[in-house]
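Enquirer: So the chains spell out like this:
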Amino acid sequence: MKRFLVSLIGIVMSLPVLAAGGGDTVIRQAEWSFSGPFGHFDKASMQRGFQVYREVCAGCHSLKYIAFRNLADLGYSEAEIKAIAAEYDVEDGPNDEGEMFTRPGIPADRMPSPYANDNAARAANNGAYPPDLSLIFKARPNGADYLYSLLTSYGDAPAGKDVPEGMYYNAAYSGHLIAMPQPLYGEDVSYADGADDSIDGHAKDLVNFLAWTAEPFLETRKRTGVAVLTFLILLVGVSYGAMKFIWSDVKKA
Amino acid sequence: MESKEFKNPVVSWIDHRLPIFSFLNHEANEYPTPKNLNYFWNFGSLAGIALVIMIVTGITLAMSYTAHTDYAFDSVERIMRDVNHGWLIRYIHMNGASFFFIVVFIHIFRGLYYGSYKAPRELLWMLGVLILLLMMATAFMGYVLPWGQMSFWGATVITNLFSAIPLVGENIVIWLWGGFSVDNPTLNRFFALHYLLPFVIVGVVVLHLVALHRFGSNNPLGIDTRGPQDTLPFHPYYTIKDFFGLSVFLTFFAAAVFFVPNMMGHPDNYIPANALQTPAHIVPEWYFLPFYAILRAVPDKLGGVLAMFGAIAVLFVLPWLDRSPIRSARFRPIFKIFFWLLFIDCLVLGYIGAMPAEGIYVLIGRLATVWYFAHFLIILPVLSVIETPRPLPQSISQPIFSAAGGGLAGAMSAPKEKVE
Ligand code: HEM
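Protein sequence lines correspond, in order, to chains A and B. Position 89, counted from 1, in the first sequence is what this note's numbering calls 89; the numbers after and before it change by one each time, with no gaps. Numbers given in this note's numbering equal positions in the second sequence, counted from 1, plus 253.
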């Protein structure tokens with residue numbers, strides 16, 4: 001035990017420390033409506049992102065922290081949310097007979113996960129674990145650009161790079177070998193509003209959606225922040241004036 | 254203190270029996286304060302306010318937090334998403350810890366520059382160092398509570414340090430954990446202690462203030478006040494100045510909370526703790542980085558731990574290492590240079606703490622560590638003997654020469670308070 005822990009600490013401490021991805025990863029940058037002090041969400045894009053999530057990613061990735069009722073933030077009406085929730089089967093119970101049962105989802109339910117548990121998720125993915133996506137945006141440095149790059153940087157490995165069975169080459173992923181098969185190819189999902197359905201368009205919509213799942217209060221936060229800062233900057237001015245006034249009778253020396 | 258007459262009869266009645274109002278009046282209203290304090294004297298009251306902010310937001314968080322390995326991470330997410338203004342309370346608490354340390358670090362360097370640790374303020378200084386230690390313990394345990402990857406692995410790495418203690422080390426670690434690894438019992442006791450320690454800090458802060466009010470504040474000239482011409486009543490002069498300082502502080506604080514709340518945190522802490530998956534890079538919170546650098550600078554584990562605690566221990570005995578009777582660096586030309594070298598040294602240590610322990614970083618880390626200790630153990634004692642100080646002014650209100658020094662204080666103080 002002790003020797004294990006000591007060597008563990010040794011390993012841990014000798015590892016490179018700064019969180020910086022895998023050194024030679026290629027990160028592409030884009031403009032995001034939610035960045036900056038006046039940032040806001042692009043609801044139409046988030047709805048499309050949600051659609052891509054449902055039709056592509058939801059097969060492998062859960063979204064545990066999101067309840068259907070939260071979808072109101074994307075601009076869905078109450079009726080639409082009820083309809084979306086009802087498309088899912090949710091396990092509930094036990095009932096009066098002590099049995100678990102399935103029923104159609106309601107707005108108060110959280111989004112059901114694709115796998116019963118982590119082991120089932122690994123078993124279905126060659127031992128790799130598809131992480132929950134609710135917080136992925138905040139769980140990676142430079143979340144927006146990173147996710148955008150990850151989803152659009154699959155390709156052929158450069159000559160000399162070995163890609164083992166069940167792994168895929170991705171220039172944005174740390175180490176360049178990821179166990180997630182390329183999820184997006186472009187035109188994977190048909191958008192009702194005729195928006196850009198290239199791989200780039202899908203990826204951007206997903207980023208807008210995942211920025212929201214990680215930080216649903218982002219707009220409120222920034223809006224409150226602008227008001228609070230305005231007040232505080234005024235307060236700085238007023239209190240400075242008051243200080244100068246009170247100190248005006250103090251002789252310098 | 255004399256019982257004072259108050260206009261309000263109720264206040265008067267109470268004060269006659271329980272002289273609390275006289276006490277407050279004496280400590281806040283009449284309390285004579287040197288008139289030449291610069292803005293570096295704002296950071297004490299800011300630290301007090303930061304402590305109150307931490308306690309208020311902390312208790313509010315505790316109402317919705319669950320200290321169990323299965324629920325802690327989820328309960329913090331619930332606070333963020335479902336509790337009214339939960340995201341705000343949590344971001345204030347999270348960033349509040351960083352700002353608390355920023356304020357306290359500035360407060361400490363202020364003391365180092367102006368010699369505030371010297372007689373008769375040795376105990377005041379030592380109580381301050383004790384507060385720093387308690388803050389570090391509190392922040393370390395608080396960071397474990399959200400039970401993310403960095404929470405778990407940071408706790409594992411730091412608690413393991415105690416296994417370096419000869420003979421009993423391993424037992425101590427098991428005792429700290431309440432088991433054979435960082436697990437649910439660890440989380441529970443960390444929560445209990447994280448709730449307790451801030452109130453212990455409050456207690457030490459009270460002692461710190463009692464010690465302060467015995468001789469009053471030091472000042473940028475580092476000379477004693479010589480009567481009413483040198484002082485001002487604390488209220489309204491310093492209450493308004495502290496209020497102005499507070500509004501500036503809150504502006505920076507709010508900018509962080511509302512616009513870059515995760516800047517000083519680590520993304521990995523948004524991944525739930527996983528004992529089977531070591532993160533690629535385990536880094537402590539930024540305010541521990543200089544100490545982390547010192548820990549890693551010593552090739553031997555026990556030596557590293559001793560050096561890290563030694564870095565704080567030298568602060569404890571600082572009043573007896575620097576024997577120069579001159580307090581303020583303004584009148585100590587050589588000390589002033591070494592002060593700034595120490596300041597840079599601490600920044601270097603902080604940077605090295607964030608870098609991998611390899612190649613040139615190891616060497617720089619070692620040199621910076623040696624410099625840190627040499628400053629306190631060799632340079633200061635020697636300087637106290639060999640340095641020729643510049644002449645001191647006769648009093649705060651009658652300097653014998655114009656604008657002393659400049660430097661740290663001169664650059665920052667408002668023209669009014671400069672002694673000219
Ligand atoms: C000296 C004052 C304090 C300091 C320096 C401090 C520091 C911290 C830190 C660094 C965290 C981790 C923040 C994060 O990454 O999420 C934290 C979490 C927490 N603290 Fe404190 N804290 C203080 C006072 C208190 C008090 C008085 C309470 C009352 C019980 C409290 C309750 C909590 C709770 C419940 C959490 C977990 C929720 C969360 O992670 O946001 N804290 N604290």
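Hints were generated in silico from the structure; no laboratory data involved. Incorrect hints may have been included.
Using 25 angstroms as the maximum straight-line C-alpha spacing, the simulated SDA-like pairs for lysine to any residue come out as follows [claimed, not checked]:
(1) A:43 - B:331
(2) A:251 - B:590
(3) A:138 - B:630
(4) A:138 - B:338
(5) B:589 - B:609
(6) A:138 - B:393
(7) B:554 - B:630
(8) B:554 - B:576
(9) A:82 - B:334
(10) A:43 - A:92
(11) A:244 - B:554
(12) A:251 - B:469
(13) A:138 - A:80
(14) A:251 - B:601
(15) A:64 - B:569
(16) A:222 - B:512
(17) A:64 - B:279
(18) B:589 - B:576
(19) A:138 - B:324
(20) A:251 - B:470
(21) A:138 - B:609
(22) A:251 - B:309
(23) A:64 - B:531
(24) A:138 - B:576
(25) A:43 - A:161
(26) A:64 - A:80
(27) A:161 - A:177
(28) A:251 - B:493
(29) A:251 - B:488
(30) A:138 - B:569
(31) A:251 - B:292
Enquirer: Taking the hints in turn, state whether each one holds.
Expert: Hints, verified against the model:
1. With a CA separation close to 23 angstroms, the supplied pair residue 43 of chain A and residue 331 of chain B stays within the 25 angstroms bound.
2. For the proposed pair residue 251 of chain A and residue 590 of chain B, the alpha carbon gap of about 32 angstroms is over 25 angstroms, so the pair is violated.
3. For the given pair, residue 138 of chain A sits about 44 angstroms from residue 630 of chain B by alpha-carbon distance, which is inconsistent with the 25 angstroms threshold.
4. Simply put, residue 138 of chain A and residue 338 of chain B have alpha-carbon atoms about 19 angstroms apart, close enough for the 25 angstroms limit, and the pair holds.
5. Note on residue 589 of chain B and residue 609 of chain B: the hinted pairing is violated, with a Cα-Cα distance of about 32 angstroms set against a maximum of 25 angstroms.
6. Straight-line distance between C-alpha atoms of residue 138 of chain A and residue 393 of chain B comes to about 22 angstroms, which keeps the hinted pair within the 25 angstroms bound.
7. With a CA separation close to 22 angstroms, the supplied pair residue 554 of chain B and residue 630 of chain B stays within the 25 angstroms bound.
8. A C-alpha spacing of about 33 angstroms is found between residue 554 of chain B and residue 576 of chain B, which places the hinted pair above 25 angstroms, so the restraint is violated.
9. Distance hint between residue 82 of chain A and residue 334 of chain B is fulfilled; the C-alpha atoms sit about 21 angstroms from each other, no more than 25 angstroms.
10. Taken as a hint, the residue 43 of chain A and residue 92 of chain A pair is broken in the structure, with Cα atoms around 31 angstroms apart against an allowance of 25 angstroms.
11. Between residue 244 of chain A and residue 554 of chain B the alpha-carbon distance is near 54 angstroms, which puts this suggested pair outside the 25 angstroms criterion.
12. Between the alpha carbons of residue 251 of chain A and residue 469 of chain B the distance comes to roughly 21 angstroms, so the proposed pair stays at or under 25 angstroms and holds.
13. For the hint linking residue 138 of chain A to residue 80 of chain A, the alpha-carbon distance of about 28 angstroms lies beyond 25 angstroms, and the restraint is violated.
14. Simply put, residue 251 of chain A and residue 601 of chain B have alpha-carbon atoms about 42 angstroms apart, too far for the 25 angstroms limit, and the pair is violated.
15. Pair hint residue 64 of chain A plus residue 569 of chain B does not hold up; C-alpha atoms about 49 angstroms apart against a cutoff of 25 angstroms.
16. Taken as a hint, the residue 222 of chain A and residue 512 of chain B pair is honoured in the structure, with Cα atoms around 6 angstroms apart against an allowance of 25 angstroms.
17. For a cut-off of 25 angstroms, the pair hint linking residue 64 of chain A to residue 279 of chain B is broken: about 57 angstroms separates their Cα positions.
18. Under the criterion of a C-alpha separation no larger than 25 angstroms, the hint pairing residue 589 of chain B with residue 576 of chain B is consistent with the structure, at around 15 angstroms.
19. Restraint check for residue 138 of chain A and residue 324 of chain B: satisfied, since their Cα atoms lie roughly 20 angstroms apart, inside the 25 angstroms limit.
20. For the proposed pair residue 251 of chain A and residue 470 of chain B, the alpha carbon gap of about 20 angstroms is at most 25 angstroms, so the pair holds.
21. Distance check on the hinted pair: residue 138 of chain A and residue 609 of chain B sit about 23 angstroms apart at the alpha-carbon level, within 25 angstroms; holds.
22. Of the pairs offered as hints, the one joining residue 251 of chain A and residue 309 of chain B is violated, with about 40 angstroms between alpha carbons and a cut-off of 25 angstroms exceeded.
23. For a cut-off of 25 angstroms, the pair hint linking residue 64 of chain A to residue 531 of chain B stands: about 23 angstroms separates their Cα positions.
24. Among the hinted pairs, residue 138 of chain A with residue 576 of chain B is inconsistent with the structure: their alpha-carbon atoms are about 51 angstroms apart, more than 25 angstroms.
25. Only pairs whose Cα atoms come within 25 angstroms are accepted, and residue 43 of chain A paired with residue 161 of chain A is rejected, the gap being roughly 41 angstroms.
26. For the hint linking residue 64 of chain A to residue 80 of chain A, the alpha-carbon distance of about 20 angstroms falls within 25 angstroms, and the restraint holds.
27. Pair hint residue 161 of chain A plus residue 177 of chain A holds up; C-alpha atoms about 10 angstroms apart against a cutoff of 25 angstroms.
28. Proximity of residue 251 of chain A to residue 493 of chain B is assessed by CA-CA distance (about 17 angstroms); at most 25 angstroms being required, the pair is judged to hold.
29. A C-alpha spacing of about 17 angstroms is found between residue 251 of chain A and residue 488 of chain B, which places the hinted pair at or below 25 angstroms, so the restraint holds.
30. Under the criterion of a C-alpha separation no larger than 25 angstroms, the hint pairing residue 138 of chain A with residue 569 of chain B is inconsistent with the structure, at around 40 angstroms.
31. Restraint check for residue 251 of chain A and residue 292 of chain B: satisfied, since their Cα atoms lie roughly 18 angstroms apart, inside the 25 angstroms limit.
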